[in-house]
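**Q** Sequence:
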Amino acid sequence: MSQERTEETWLSLGDAAAYLNVHPATLRRWSDAGEIPHLLTPGGHRRYALSDLQRFAESHHVARREVSLAEAWADRAMTRARQELPERSAAGWLAALDEPMRERHRALGRRLMGLTLQYVSADDGAHLLDEARALGKDYGELSKTAGASLKDALQAALFFRDKLLEATLELSETAPVRPGDSSRLVKRINALLNVVQLAIAEVYEADAPDTTQPRKKRRT
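Numbering-wise, our numbering puts 116 at position 125 of the sequence shown, and it's gapless, one number per residue.
Think of the hints as simulated: they come from the structure by calculation, not from any bench.
Be aware that one or more of the hints could be misleading.
Derived DSS-like pairs: lysine-lysine, alpha-carbon spacing no greater than 25 Å straight-line [stated by the list, open to error]:
1. 142 to 128
2. 178 to 135
3. 178 to 128
Fair warning: this is a prediction, and the values are worked out from it, not measured in the lab.
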């Protein structure tokens, strides 16, 4: 997969169908006919690139819905992250990773971006928090394997949170966004990233010595 494709925003079948304003079964049929490209996750779920959906809508004159606040925010967040990630990757423990480990790190970032987009767009999304916890544990395991400290691992997650929140503030300054919408975005972003960061900490804590038990006194 090319670098351009790996930096895509990926949507689930349901979100992609909603974007095109069609039933998921219709989108599945188009995909099976080869009209719209898609990827399959290890779990067998379809993922669609936002750019492919845009091209399909334009070429087939699909009356897709208006770009949502969440999508506009996602575009800005991805732009900010892409601008600053190369500089960040060249410093600290990330610089010591070999290419396969770097790709795993990038893949987790893409998963987190897609998961966040789904969560800020969802009415409920409780199941997405379970996915966020699993993703955080994957990230924690990768960071430990790479020799990163807990501080370094959490700093990487904080970088991602900062870019998302900065995109929200930037959107509210340049687009006609209702105050309530911006507030909801911030709350949803924080809720999801809290789960991710706590899961990272749990991975590191699992190998930490138990300090809750009283030490036995040594006999003299």
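**Q** Compare the structure with each hint and give your call.
**A** Taking the hints in turn, this is what the structure says about them:
For the given pair, residue 142 sits about 15 Å from residue 128 by alpha-carbon distance, which is consistent with the 25 Å threshold. For the given pair, residue 178 sits about 29 Å from residue 135 by alpha-carbon distance, which is inconsistent with the 25 Å threshold. Restraint check for residue 178 and residue 128: the C-alpha separation of about 22 Å stays at or below 25 Å, so the hint holds.
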